[in-house]
Amino acid sequence: FLYLTASFPEGEVELKELDDSLVSRTKEVTILRDDTKKSGSILSTMKGSLTTDEAKTKLEDIERNLELGKEKLVTLKTALKDFNPADKDKVDREHEKLRKEWVKRKRMCMDVVNTILESDGFPKSKRDLMEEMGIDTDEDMSVCIPQAGT
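Just so you know, my numbering puts 104 at position 104 of the sequence shown, and the rest follows in order with no gaps.
Among the hints, a few may not be true.
[Claimed, not checked] List of simulated lysine to aspartate or glutamate pairs, EDC-like, C-alpha gap at most 16 Å: (1) Lys106 <-> Glu139; (2) Lys106 <-> Asp140; (3) Lys100 <-> Asp138; (4) Lys126 <-> Asp138; (5) Lys104 <-> Asp138; (6) Lys106 <-> Asp138; (7) Lys126 <-> Asp140; (8) Lys126 <-> Asp136; (9) Lys126 <-> Asp111; (10) Lys106 <-> Asp136; (11) Lys126 <-> Glu139.
If you're looking for bench data, these hints aren't it; they were derived computationally from the structure.
Generate the whole structure from the sequences, applying the supplied hints.
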């Protein structure tokens with residue numbers, strides 16, 4: 001059983017109106033979805049930010065740290081007035097002497113390790129030999145030799 005649509009002329013007009021309504025509603029839904037996404041991103045940004053109370057607390061902490069820093073600066077400036085260049089030179093000379101000794105001893109130790117490895121035919125790696133001998137390198141201890149004049 002079939003209806004002849006030609007016999008219902010107002011149905012075509014009504015169908016056209018429904019199609020137009022559907023298109024406009026679809027556009028509205030798209031706009032509302034976009035607005036919802038924007039609102040969601042704003043909300044997530046707001047959730048990640050500090051509240052007013054948290055911001056005030058953090059500001060107070062920063063201000064306290066600033067005051068401590070200012071006090072330390074005043075103390076250091078006062079101590080700088082008592083600075084004696086002769087003492088600095090003495091400390092620099094002693095530092096350079098000890099630095100040179102450090103480098104010399106490190107070189108001597110590595111020479112001994114390399115000699116053992118070459119002459120004895122040590123079957124393991126350099127790292128294994130140093131571990132057996134109980135030698136820690138500067139790199140293992142995260143230490144670096146200070147440069148001259150620093």
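Each hint tested on the structure:
This hinted pair checks out: Lys106 and Glu139 have alpha carbons roughly 12 Å apart, not beyond 16 Å. Of the supplied pair hints, the one linking Lys106 and Asp140 holds, its CA atoms being roughly 14 Å apart against a limit of 16 Å. For the hint linking Lys100 to Asp138, the alpha-carbon distance of about 15 Å falls within 16 Å, and the restraint holds. Restraint check for Lys126 and Asp138: satisfied, since their Cα atoms lie roughly 15 Å apart, inside the 16 Å limit.
Under the criterion of a C-alpha separation no larger than 16 Å, the hint pairing Lys104 with Asp138 is consistent with the structure, at around 14 Å. Distance hint between Lys106 and Asp138 is fulfilled; the C-alpha atoms sit about 9 Å from each other, no more than 16 Å. As the CA atoms of Lys126 and Asp140 are separated by approximately 14 Å, the hinted pair is consistent with the 16 Å bound. Only pairs whose Cα atoms come within 16 Å are accepted, and Lys126 paired with Asp136 is accepted, the gap being roughly 12 Å.
Restraint check for Lys126 and Asp111: satisfied, since their Cα atoms lie roughly 12 Å apart, inside the 16 Å limit. As the CA atoms of Lys106 and Asp136 are separated by approximately 11 Å, the hinted pair is consistent with the 16 Å bound. This hinted pair checks out: Lys126 and Glu139 have alpha carbons roughly 14 Å apart, not beyond 16 Å.
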